[in-house]
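Q: For the sequence shown, our numbering begins at 1 and goes up steadily by one.
Treat each hint with caution, since some may be false.
Pair by pair, the computed Cβ-Cβ distance ranges are [what the hints assert, rightly or not]:
| no. | residue 1 | residue 2 | range |
| --- | --- | --- | --- |
| 1 | Pro51 | Pro165 | 22 to 32 Å |
| 2 | Pro108 | Phe25 | 17 to 27 Å |
| 3 | Ala86 | Arg189 | 20 to 30 Å |
| 4 | Glu162 | Gln87 | 17 to 27 Å |
| 5 | Ala48 | Leu166 | 28 to 38 Å |
| 6 | Thr76 | Arg151 | 28 to 38 Å |
| 7 | Gln87 | Pro165 | 17 to 27 Å |
| 8 | Leu37 | Arg101 | 33 to 43 Å |
| 9 | Ala86 | Pro110 | 43 to 53 Å |
| 10 | Pro163 | Gln53 | 31 to 41 Å |
Honestly, the hints are just simulated from the structure, not real lab data.
For glycine and all other residues, C-beta sits at the position ideal for the given N, C-alpha and C.
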Amino acid sequence: MDLLNAEPIYHSPAIRAVYARVRQFAHLTADATDLLLGAVDLLDDTHAGIPVQDEGRLLTLLTYQQALDEADSRVTLVRNLTVLGAQDALTTAELYVTERRRGVHPLPQPLPLSPAQNAVLRSVAQGEVTVTDDKPLVRRDNTRVSISTIRSLESRGLVTREPCPLWLADERVHLTTDGCRGLAATFGRPRPSVSTTTRPASRPTTAHAATR
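Could you put together the complete structure from these sequences and hints?
A: Next up, the structure:
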């Protein structure tokens, strides 16, 4: 919020929407942090044999399995609170940049990327792309993307891979600083459509009767 407040900008409806979303992000982040820290404290106290307060404010000595179950429920709640965080953050960033560039000419030129590369770059920004056994996957809809597309973005310094704690995922793909700049340059412009290749319809075969 401090960075936004420091910007001399007209508070149009779009910018007011950006402020509202950023405030919402701040509250969700604070709530998620409290839940995760509480889960850690719960496990530490149970391991040390320290009673914890239940919902009735009574001190209760939990078994370690009970503590694990409670911690897991808090982690699940955090996941539900933040499940759309990356997607909403990207939408908010695009809204802000587009509004700031209104009336500005010439606009920054986007990188010369293919529609497939642009689509993967956006999916990476949303935290959706993981790699398992060198096979990329967009987790949101379980669609596959080409490993060659990932490697082409890596070779240009736009994305990088890091170990991923998710089950059945070896690595998560992240934007680099250059990748963030490259993606931001596309904001406010029409999105290129990813072309699909279809096979031409096969012609029906005609049976020829043998003539004598």
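Q: For every hint, state whether the structure bears it out.
A: These are the hints, each one checked on the structure:
{"no.": "1", "hint": "Pro51 - Pro165: 22 to 32 Å", "verdict": "holds, 31 Å"}
{"no.": "2", "hint": "Pro108 - Phe25: 17 to 27 Å", "verdict": "holds, 25 Å"}
{"no.": "3", "hint": "Ala86 - Arg189: 20 to 30 Å", "verdict": "holds, 21 Å"}
{"no.": "4", "hint": "Glu162 - Gln87: 17 to 27 Å", "verdict": "holds, 20 Å"}
{"no.": "5", "hint": "Ala48 - Leu166: 28 to 38 Å", "verdict": "holds, 30 Å"}
{"no.": "6", "hint": "Thr76 - Arg151: 28 to 38 Å", "verdict": "holds, 35 Å"}
{"no.": "7", "hint": "Gln87 - Pro165: 17 to 27 Å", "verdict": "holds, 20 Å"}
{"no.": "8", "hint": "Leu37 - Arg101: 33 to 43 Å", "verdict": "holds, 39 Å"}
{"no.": "9", "hint": "Ala86 - Pro110: 43 to 53 Å", "verdict": "violated, 21 Å"}
{"no.": "10", "hint": "Pro163 - Gln53: 31 to 41 Å", "verdict": "holds, 36 Å"}
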